[in-house]
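From first to last, the protein sequence lines are chains Y and G. Numbering-wise, the first sequence is residues 15 to 315 according to this note's numbering. Numbering-wise, the second sequence is residues 15 to 315 according to this note's numbering.
A few of these clues could be false.
When chains are identical, the list treats them as one kind, so a pair holds in a single copy or across two.
To be verified - Think about it this way: if two alpha-carbon atoms lie no more than 35 Å apart in a straight line, the pair counts; the simulated DSBU-like pairs of lysine-lysine are:
1. K123 <-> K155
2. K140 <-> K60
3. K123 <-> K231
4. K207 <-> K140
5. K123 <-> K283
6. K60 <-> K155
No wet-lab data here; the hints were simulated from the structure.
Next come the chains, spelled out residue by residue.
There are 2 protein chains.
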Amino acid sequence: MKVYVSVDLPPDLADKLSRVAEIVGRDRMEEAEAALCFRITADEVKSMPRLKFIQVITAGLDHLPWEVVPPHVVVAGNAGSNADAVAEFAVAMALAAYKRVLHYNERMKRGEYSRDLGIPLVAGSKAAVLGLGEIGTRVAKILAAMGAEVYGFSRREREGPWRFTRDLMEALSGAKIAVSALPLNKYTRGLIKYEHLAAMDPEGVFVNVGRAEVVEKDAAVRILRERPRFVFASDVWWGRNDFAKDADVIVLPNVVATPWVAGGYGNEKVWRNMLEEAVENLLRWIRGEKPRNIADRSDYV
Amino acid sequence: MKVYVSVDLPPDLADKLSRVAEIVGRDRMEEAEAALCFRITADEVKSMPRLKFIQVITAGLDHLPWEVVPPHVVVAGNAGSNADAVAEFAVAMALAAYKRVLHYNERMKRGEYSRDLGIPLVAGSKAAVLGLGEIGTRVAKILAAMGAEVYGFSRREREGPWRFTRDLMEALSGAKIAVSALPLNKYTRGLIKYEHLAAMDPEGVFVNVGRAEVVEKDAAVRILRERPRFVFASDVWWGRNDFAKDADVIVLPNVVATPWVAGGYGNEKVWRNMLEEAVENLLRWIRGEKPRNIADRSDYV
């Protein structure tokens with residue numbers, strides 16, 4: 015069994031994997047039956063004719079070159095491995111905006127000591143969590159601990175500290191806080207339109223820590239122009255890592271912007287955990303067990 | 015029974031009180047046996063020779079003119095009536111700083127799209143909650159829901175989602191997040207000194223939503239100058255409402271500053287709840303029941 019590994023594995027994890035498989039690099043990738051990668055290109059996939067299994071280190075699988083991945087290749091993601099990091103960040107963005115910390119801190123720094131905006135409560139307020147996977151579940155748990163009335167939206171019914179709905183409008187209508195942790199796939203691309211954002215509380219906060227493309231960019235811009243007290247807080251951008259492409263949105267006064275760091279950027283503990291869980295899942299496949307987080311190909315192609 | 019009321023009560027609450035007592039204003043305050051107030055001055059206290067009970071609408075009682083309040087006068091605070099608001103705000107400040115939302119948002123607004131600081135985790139990190147009353151308990155519950163290892167500090171042992179300690183150094187040592195919700199009294203004034211802040215994680219965040227005077231101002235300034243990554247986030251100031259007096263601290267780059275708004279500033283629901291609970295507690299006293307939140311005079315004089 016040969017495994018193509020395109021990330022730097024710490025020695026102990028490389029050892030663990032080497033006990034049951036041979037790690038090969040780019041020069042011998044054509045022999046690989048499995049691949050362990052952070053990102054994988056179409057060229058890489060095409061260079062592995064014996065490929066049967068791809069273990070991705072990220073939770074999201076939208077970046078895979080699905081069109082060239084043969085249907086018999088099993089793809090596993092890594093949901094949950096950095097879910098704490100992302101969920102905490104989502105709540106941090108939501109509260110920083112909703113509780114007016116950003117607003118008042120900016121005023122205080124300018125020497126404007128007067129008070130203008132009132133501070134709304136999370137307790138007793140409606141919050142919507144979109145996407146009820148590992149991240150969404152953690153976000154809902156934290157918001158519920160704060161006394162929010164949480165609505166949970168996803169395609170498949172899941173139990174948790176929320177009122178479940180498959181109706182996006184029901185989830186968002188009147189919501190003061192909404193957090194999207196939706197994966198990007200063919201069902202979620204462009205899912206959130208103007209009418210959904212407009213259904214929220216006019217002084218509400220919409221947080222996106224999933225993928226930018228789930229929200230229609232024009233819809234976000236329109237609502238932000240129409241409702242100066244509505245806040246759009248996002249860690250993910252339509253231009254992906256080319257943030258300059260979204261400068262038009264980032265500079266709006268009612269936007270809170272961070273550069274795709276929610277997943278534990280620069281945090282060795284989070285990265286180590288992601289690698290560990292990915293290797294563990296790859297080992298499950300090698301041992302003939304069922305790996306976790308197997309992608310449903312039909313979500314993407 | 016006559017009650018001196020120095021706040022505007024909504025008609026229904028005024029009616030409720032009027033059924034068992036006569037509400038009097040400043041012109042007849044010398045007849046009052048009880049007082050319901052937001053703030054009360056020494057002159058007001060001295061003008062009520064028949065006074066037996068003071069119901070304050072705020073949770074904190076440090077602003078009372080204790081030196082002129084006769085020992086036989088029972089004073090009741092209003093702890094808990096806006097505890098949700100304050101606790102949510104404390105967590106918002108802590109996360110906005112700790113998760114680098116403020117840092118990255120500022121950079122993005124300036125068009126600096128690169129990443130520098132790593133994003134630490136709350137999950138698995140040590141957090142300290144100072145003061146285990148209604149606010150501290152709620153803060154601890156939220157941090158515990160995020161997976162933090164919470165240490166709870168107070169004078170009297172209380173059960174909750176924390177490891178209890180009476181040792182301030184034990185609570186703060188190595189803590190990544192600390193939230194002070196301590197009341198200001200003769201035991202807590204100046205309690206938090208340089209060595210306590212220095213014992214925290216050098217990239218930690220100290221949040222104060224209690225009273226500024228609990229922290230030595232010089233200690234805060236010194237630690238902020240020495241440790242550029244340490245963050246001091248405060249809603250309360252040594253100059254009280256005269257924020258200009260603390261401009262030297264507010265302008266420091268590693269300070270997050272808000273103008274004493276945590277307790278639900280401008281939030282009618284929070285204010286209504288505070289008035290309701292204060293009236294309810296006053297009615298307890300009038301009916302001969304034991305009011306809640308009776309102050310321990312020896313904490314103040």
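Worksheet item: How do K123 and K231 come out at 35 Å by Cα distance, when the copy is not named: within, between, both, or neither?
Response: both (31 Å within a copy, 18 Å between copies)
Worksheet entry | Intra- versus inter-subunit Cα pairing at 35 Å for K60 with K155 | neither (42 Å within a copy, 51 Å between copies)
Worksheet item: Taking 35 Å as the upper bound on the Cα-Cα distance, should K140 and K60 be classified as within, between, both, or neither?
Response: neither (48 Å within a copy, 47 Å between copies)
Discussion item. I want to check one pair: K123 and K283. Are their C-alpha atoms no more than 35 Å apart within a copy, between two copies, both, or neither?
Written reply: both (34 Å within a copy, 29 Å between copies)
Item to complete: First find the shortest C-alpha distance between K123 and K155 inside one copy, then the shortest across copies, and answer within, between, both or neither for a cut-off of 35 Å.
Response: Answer is both; intra-copy 34 Å and inter-copy 31 Å each pass.
Practice prompt. Give the relationship of K207 and K140 under a CA distance limit of 35 Å: within one copy only, between copies only, both, or neither.
Written response: Close inside one copy (20 Å), not across copies (40 Å); limit 35 Å.
Of the numbered hints listed earlier, those contradicted by the structure are 2, 6.
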